[in-house]
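S.K.: For reference, the chains in residue letters:
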Amino acid sequence: MLVKDCMTRHPIMISPETPAAEAQKIMAENQIRHLPVVGSGKRLLGLITRQRLSLKPDELGSLNIWEISRRLSAMTAKKIMLKAEHVQTIIPDKTVERAARIMTDHKVGCLPVLEDGIVVGILTETDLLKSFQTMLGLPADGVRVTVRMPGGVGIFKQVIVAISEEGWPILGLGSFPTRKQPGYWDSVFKIAGVNIDEVEAVINQVPNQEIVDIREVV
Amino acid sequence: MARFLFRSAISAIVTMLIVSITLFFFLEVGSGDVTVKILGIESTPEQRASYRAQLGLNAPAWQRYVDWLAGNDWRAKNQVGHPLVSVTNQMTGEQEWWADVDGTLTRWTMEDGRILTLQRQPDGTASARIISVDWNTDENGEEFFWGVDTKNNAVKWVRGSGETVWVRTKAGFRKEGNGPREYIPLRKGLIRFDAGKSLQTGRPVAVTLIPRVRNTLVLAGIAFLIVMPLALILGIIAGINEGKVIDRTISIVGLTLTATPEFVTGIFLILIFGIWLQVVPAVALFTSPNAIFEDPSLLILPVLTLTAVELGYIARMTRASMVEVMDTAYIRTAIIKGMPRRRVVLRHALRNALMAPITIIMLHVNWLIGGVVVVEAIFGYPGLGSYIYKAAVFGDPNAVEAAAMLLVIIAVITRLLGDLAYTFLNPRIRYA
Amino acid sequence: MTVAQPTATVSSKPSRLKKAWEGISIVFESRVATVGLIIVLFWFALGIISLFWTPYPPNANLFEQNLPPNTTNWLGTDHLGRDITSRLMTGTQVVLLKTRLPGDLGIVIPGGVALWGVFGALVVGAFLGLNAAYRGGWWDQSIMQVLDALVAFPAIVLYLVIITAFEQGDVVVIFAITITGAPGVARLVRSLALDIKTRDYIRAAETRGEKVSYIMFKEIFPNARGPILVDAMLRVGYAIFMIGTLGFLGIGLPPPDPDWGSMVNEARKFIFLNPWGVIPPAVAIASLVVGLNLFADGLREELTRYQK
Amino acid sequence: MAEAAMDWTVNKNLSDAGPVLKIEEVAVAYKVRHGEIVAVQNVSFEIKRGESYGIVGESGCGKSTVAWAIVNFLGANGYVKAGSIKFLGQDLVGKTGEELRKLRGDQIAMVYQDPMQALNPSMKLGDQMKEVLTVHRGMSDADAAKRCIEMLDRVYMPDAANVMKRYPHQISGGQQQRVVIAMALLNNPALLIMDEPTTALDVTVEAAVLDLIAELRRDFDTAIMYITHNLGVVARVCNRVGVMYAGEMVERGTVEQIFKKPQHPYTQGLMRCVPKLGADKASSMLYPIIGRVPPPRNRPIGCIFNPRCDYTQDRCIEERPQLRDMPNGVSVRCHFAGEIDPAQWTPPEELKLPSISGGDGDNGEAEPILTVNGLKKYYPVQGSSLKDLLGRGPKRYVKAVEDATFSVKKGKTLGIVGESGCGKSTLIKTLIGLEESTAGEAQFLGFDITGDLSTRNKQLIQELQMVFQNPDSTMNPSYSVGQQIGRPMIRFGTVPKNQVRDEVIKLLQAMRLGENYYDRLPRQLSGGEKQRVGIARALASSPNVVLCDEPVSALDVSVQAAILNLLLDVQAESGTTMIFIAHDLSVVRFFSDDVAVMYLGQIMEIGPADAIYAPPYHPYTEALLSAVPIPDPTIQQKHIRLEGNVPSAISPPSGCRFHTRCPRRHLLPNNGKICEEELPPWREIGDGHRIFCHIPLETLRTFDPIITQKEED
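Chains as they are written, first to last, in our numbering: chain A, 1 to 218; chain B, 1001 to 1432; chain C, 2001 to 2308; chain D, 3001 to 3713.
Hints may be right or wrong, so weigh each one.
[Said to hold, decoys possible] Derived DSBU-like pairs (lysine-lysine); straight-line CA-CA distance at most 35 Å: (1) D:3048 with A:94; (2) A:83 with D:3376; (3) D:3376 with D:3395; (4) D:3086 with A:107; (5) D:3395 with A:107; (6) A:78 with D:3086; (7) C:2098 with B:1037; (8) D:3086 with C:2018; (9) D:3031 with D:3102; (10) D:3458 with C:2197; (11) D:3395 with A:78.
[Said to hold, decoys possible] Here are some chain B residues the structure puts well away from chain C; computed CB gaps all over 12 Å: (12) 1043; (13) 1101; (14) 1390.
Because the hints were derived from the structure by calculation, they are not lab data. For every residue, glycine included, the Cβ atom is placed at its ideal position computed from N, Cα and C.
Only chain A is shown next, with the shape it has when bound in the complex (with noise of 0.2 Å):
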């Protein structure tokens, strides 16, 4: 799963010279966080973020209500938005967890996708939420059994064999060393149009392993 597969393209886009207020309606009615700034050609220019958008007391001169309207009335997205030189970007060739890495070393909410400076996209949380479940096969519904096996020794391919003697299509797969126990791993699978017993009755055929955990997800 690359970022080019999962990211939102043709984003909520405006100009530098949108009014900050217009900025903020635009968020708010679209319940989007992240608005990219472009100028012609699409090309980044900076990013509004919701936090850019509250204002720093220490900004305001005085308090008195007119020159506050007055200043707010002024303020145009580009003077709010973060430069772009500071906004942490990514390309869609790259691979979602790398992507997801940067967000989470950065301590960022969003990703706009450039090719050579051109917004192609943008990747949100919510867009990496999404890939971890479709990865996970959650989209449709059927049985996650979660099995715990020793690492390295096969054990893993002959549970897969078994599986798919069945005909039966996994959908998802995702497998975590376990905590509690080094030397072990535990593989997620996601298996449609079967009911627990079946799938159960399928894996126990193979030894040295354990169903930790199994339901049938809607």
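Given chain A's structure and the hints, the job is docking chains B, C and D onto it.
M.R.: Frame of chain A, contents of chains B, C and D only:
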């Protein structure tokens, strides 16, 4: 491209033929007795008859047309019996016709009934020598002799009956005997660049025509160089902001200029600049043949008058073509592609919009020359226009035909240029 | 895209009057055409009035020469002391209202020299244009070649030659206008006919085996009338332009009837004495021609919008 | 080939970001001299990323107006009167010129109908494409050129680099449309508006372009707004569709729902009058929608469809229905949407329907009235070199028709089908006598008709008349309807002078046009009415044979059905034989008894209608059948696309003219070598069915049928 040039060449020749025949027909039908105009009212009928014979006007019309076109020396040759040669006389620079009698250039003249032979000496002078001349007899027994006289005519003398001939001299008329009965004024014909003699001046047409053509080309040329770019630009500006105020003004001004006849514009210009503002000489005096080069201000008013009419027409036509191009589908594509308006107009619209006016502009060059006739008449400008005007009024065929041929050549060349420009602008034709 | 125009209200047999009014109403749609029409009608009216009444007899030299405009002669007098105003009014007659036939019978037919000249050009031009377009091939080549020859040659020179060839007279000028106008009309009619020729109703007529003349004059010509009328209007303007120029060159309509062109020519000689003498006839010619052009332009705009 | 569903249907698609385009209650009005005309009112719909939304409607229903409103290109007097057009969350209606300009060509792109006009004739194709990149992105010329070539390859344009240097008139219509599409997609726009992009193209070329559009949509995730009047194209390309009628959106929903169970009476009517290729002859009866589209000026106050609706009740007349959402997600603008069941629809009585003769019943004994044998028509071509001009250059010909051999039986209809440039019009022109045939014989009623009209006597001309394609130019604008229909009667003297008026009125009534049409002028008639007058004029001299040159292809679908039924009526009553030309196989299927398929001047296949539409058929017929867009998303259509362009008729390919593009050549030894060398033999299959192909009959029989019902999952 070859096919294109081939076709233009053919159409040029055919056009010249048709125009020359039409003109000849009209001149022939209407001019009545042109000798009255040449010799004046008080000349007697016989004087006129004899002069008409000397000018060869008695020959049938079609023959005179053929003479004009292809010359008559080849026809006179089998009358005279010897090849005829045209030689330039060093002293006068004029063309002289001689008969080539086995090597020596000879002419003949008649004195009290006897034919004298003149032989051309190397230094160009002619020495008279008496050499017996063999008369031939025609069917009713008269003896006659065909020879070349001293006035470049092939003539037929009849033995014994010297005709009384009126010879036109500076002083007036002198009656002479020994005149020949039939005249064929020798000429090479237009095809060999001999446009014949003008009846008004008696001198070859070409001599007076060349400087006048130069003057007209200068006048028309300047007018063309001013009008075309200006009209195109105005047309485009009007076309772009169609319906706006500037479009309305350009259209109205253009319309009024085109609709006002040249002479009216001319008069107004003289009134305004010549009389009230005294900026430009109201009446142009053309002292020397190349007056216009010494005092260019003479040109200002004629050029302005000439451009006025042209400006309106070309501008309106360019505007119409621009307006039409502006709402075609490919301009709509350009706008929808997000091209800025300036780029849409310059890169996309302009080239297609200029295609139509270019060919029309070239057609208009001869309209311009037509206008020249009137403008030259108003300002007394010594050009081709006034020349052809006077020749036509006088009814002088050689002059009119020569000038007309020049006009047609100019017209055909400019139309050819127009077509070439069109094929260059329009790739659809270039890569047919 | 397919076709679905709205139908007008169901009209019974459209009466002659209704059709006429529909035609007229086109004119008033566009401001330009109305202005043009007003100018033309003004001169027509002047011409008709001059048939019955002019301030003074046009050819009588009752006054001092070269007077600037004054109370008695509104526009002043010319070099022979004749009243310019009356001469100006009668000037329209010869151009728009009447033509004097040659010969001493003095027969006068209605319709000015310009109108008959253009009518002649229309008849000759339409005939040549239709034949050149419909018959095509050899016909087209030869006719177009002849026409190109005439067009390639400046019209004014052709005028000169024709008029000097025959002695001066209205009919000669008419003949000259026809000869110089015919190529333009023929070219226009040919281009219109070439376009109409491709239409299906012409194919339908051909499949009925209609005679060539029927197709040309009954099927093609009626659809070309609109643009031809507009062009004719322009040509009348141009003809007046030409008559003025000929008059100016001294070879136009025969004296003594006043003709604007010759009035300008005569007044020109005395321009220093009385600049006012030149202005009335010059303005008259210009305004009439401009009026006709405006009217024609307005009409053309309406016709194209009407057909769209 | 609708959206290829994953083998496991994903029933919960994940929540997507907001729609790319959201149109709410938009109304567009045009300022006219006095007052204004509301062309479009309260139209609303949404398009998501990567979704293809079809806007369907007949001409004059305002579908293009909506498109132009989005890019704010409504001309001088048009303006968006009400509603909002939200593109990527921002409302376009208020946008300034400059802001809109930045969006155009960068985020919103447009392709419209006539590819020929859309490209600047005097500018190289490369320059026109690079412009989009250099202006919007400030890209260098070289990079822009590289990017354009990549995109041209993407749209399967052969020899892309060379095309960049060429001018628009040097490439074919199909290729021009690909260039326009490539140009539109250069900046990876979020929304692509396509206004009838393939209507002007031939069927096979259209099929290729439609495949390309579907593919590009998936790759670039571009939202596509597809405007067309052709229901077949919508079924093939779109996910959701909105049906518009007289400026209003009357029904909106997914393609499957709308086609399976249309709820609005107008949509139901549309479905009934569109010829479906799949059905056999008897069941593919066409029911036209009676009446006419109300002009924008006087639209009925209640439901705009009530004058033409079969279920109109008083509530429809007084109260204007709103767009209601039905349980299955479809939204309909009709008070009684739920209660109408299209299945029990019965045709209203004034719709006299022709009885479909059994088709091949009495085919045998009707003797042929017009036979053509080896007819050839060549047009000499004037070479451009100097030598040609002087007549000594090589004689070159456009071989428009190459030995056509067929016969038309009395009272029957022969359909001639072929794409543009296949010579079908030339064949008709030669038969009717507008052109003279170069070789071969043609017999009509025993007389020879190889010469042109001048060689035929009046009676023979009277027996053979023609109906034309374009309703606008079929009638002379300066004469009234009565005069034009009466003219043939006067010309051939079939009716004495005084009875002409009554005879014309009788004919008008036969054409279901009232007597008051007698004095009407052509500009007061609609397209359908003009075509009826054209038919009346052809029948005025009671001919034996009527040649129809694509009489319905320029008409709206609903009017098309009425004209076809009219022609069938005429044939049933007076037994006129007809030759019917069309480029649309489905129309010909319904209408003609025998069908001939032509390609580049040669008849490829001829035979009874039913035999043509089932195997064995000629590879070209197969390609034609597989290209025709079928208005039924549930059927499975074989996918055969022809490569390259139609070769020029001046130097047609040797042997079988189709060999340069034939997809079935590989069936023959060493890849159809024989096709290039020899003319193929006629394969007789009996009952007049013949195929002009080298492939042996048995193999031809093994081809599987084009249309199969998709198995219901």
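S.K.: Are the hints correct? Go through all of them and say.
M.R.: How the hints compare with the structure:
Restraint check: the Cα-Cα separation between residue 3048 (chain D) and residue 94 (chain A) comes to about 25 Å, which is no more than 35 Å; the hinted pair holds. Straight-line distance between C-alpha atoms of residue 83 (chain A) and residue 3376 (chain D) comes to about 74 Å, which puts the hinted pair past the 35 Å bound. Pair hint residue 3376 (chain D) plus residue 3395 (chain D) holds up; C-alpha atoms about 17 Å apart against a cutoff of 35 Å. The straight-line distance between the Cα atoms of residue 3086 (chain D) and residue 107 (chain A) is roughly 32 Å, inside the 35 Å bound, and the hint therefore holds.
Restraint check for residue 3395 (chain D) and residue 107 (chain A): the C-alpha separation of about 79 Å exceeds 35 Å, so the hint is violated. Taking the CA atoms of residue 78 (chain A) and residue 3086 (chain D), the gap is near 22 Å; set against the 35 Å cutoff, the hint holds. Restraint check for residue 2098 (chain C) and residue 1037 (chain B): the C-alpha separation of about 33 Å stays at or below 35 Å, so the hint holds. In summary, the hint linking residue 3086 (chain D) to residue 2018 (chain C) is not supported, as the alpha carbons are separated by about 50 Å, beyond the 35 Å threshold.
Of the supplied pair hints, the one linking residue 3031 (chain D) and residue 3102 (chain D) holds, its CA atoms being roughly 27 Å apart against a limit of 35 Å. A threshold of 35 Å between alpha carbons decides the hint, and for residue 3458 (chain D) with residue 2197 (chain C) the separation of about 23 Å falls inside it, so the pair holds. Using a Cα cut-off of 35 Å, the hinted pair residue 3395 (chain D) and residue 78 (chain A) is violated, with the two alpha carbons roughly 71 Å apart. Non-interface status of residue 1043 (chain B) relative to chain C is upheld: no Cβ of that chain comes within 12 Å, the nearest being about 21 Å off.
Every C-beta of chain C lies more than 12 Å from that of residue 1101 (chain B), the closest at about 43 Å, which supports listing it as non-interface. Once the 12 Å rule is applied to beta carbons, residue 1390 (chain B) is inconsistent with being away from chain C; the minimum gap is 10 Å.
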